[in-house]
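Protein chains in written order, with our numbering: chain A, 1 to 115; chain B, 1 to 113.
The hints are simulated quantities; they were obtained by calculation from the structure and are not laboratory data. Backbone N, C-alpha and C fix where the C-beta goes; we use that ideal spot for every residue, glycine too. Mixed in with the good hints, there may be bad ones.
[To be verified] A short, non-exhaustive set of chain A residues, derived as facing chain B with CB atoms under 8 Å:
hint, residue
1, Ala-20
2, Asn-97
3, Ala-98
4, Gly-107
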Amino acid sequence: GAGVSQSPRYKVAKRGQDVALRCDPISGHVSLFWYQQALGQGPEFLTYFQNEAQLDKSGLPSDRFFAERPEGSVSTLKIQRTQQEDSAVYLCASSLNAGIDYGYTFGSGTRLTVV
Amino acid sequence: AQTVTQSQPEMSVQEAETVTLSCTYDTSESNYYLFWYKQPPSRQMILVIRQEAYKQQNATENRFSVNFQKAAKSFSLKISDSQLGDTAMYFCALNNAGNMLTFGGGTRLMVKP
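Only chain A is shown next, with the shape it has when bound in the complex (with noise of 0.2 Å):
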């Protein structure tokens, strides 16, 4: 596609009901990143993949964060057990290739309000 497809754009989950997040990245890229955006702050990286392989996971907050991307296109995130500090815009973003000065592409993000 043209650009970085993420949905639901937006979802409510009652605490304990787990949930999962798609994004679509640009067709070819290489790069897919997930975000993590509290109100009011900065994205903060939560996990990394280049193709299907995920190379960097560090970010995820909990046991309860899972990401995968099965054949290295559209990638799911996946909340287990959702509690109420996990509420937060998830951002996806994708890079044509593996490098530090390629610019990324960013969808509009899925909202998440668990209550």
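Since chain A is already given, all that's left is putting chain B on it; use the hints.
For chain B alone, kept in the frame of chain A given last:
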């Protein structure tokens, strides 16, 4: 570890005037890139401008320019001829060998008519 600090939570400017947003950073890497991103209410992060640490010349993109002071680890964004559409959150970000972007806390810019 790398850090990015934006000391101005909010700024305002009159339409057509010039405004400067501040950013300082810390990294132990010698090769890195610095970015300014704009985030309007639509939430999508839009790349405004980027600067490679090895380049001494300050980057410029139309009305947007940076003042990169490597020794001081400072990377400010100047917006000239401000327009109403520039109203947004602005984030400074650092990218070094770890591939990931480290963002500052953001500056909310309001352009007033």
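Taking the hints in turn, this is what the structure says about them:
no.: 1; hint: Ala-20; result: violated, 19 Å
no.: 2; hint: Asn-97; result: violated, 11 Å
no.: 3; hint: Ala-98; result: holds, 7 Å
no.: 4; hint: Gly-107; result: holds, 7 Å
Hint compliance for this structure: hints 1, 2 are not met, and every other hint is.
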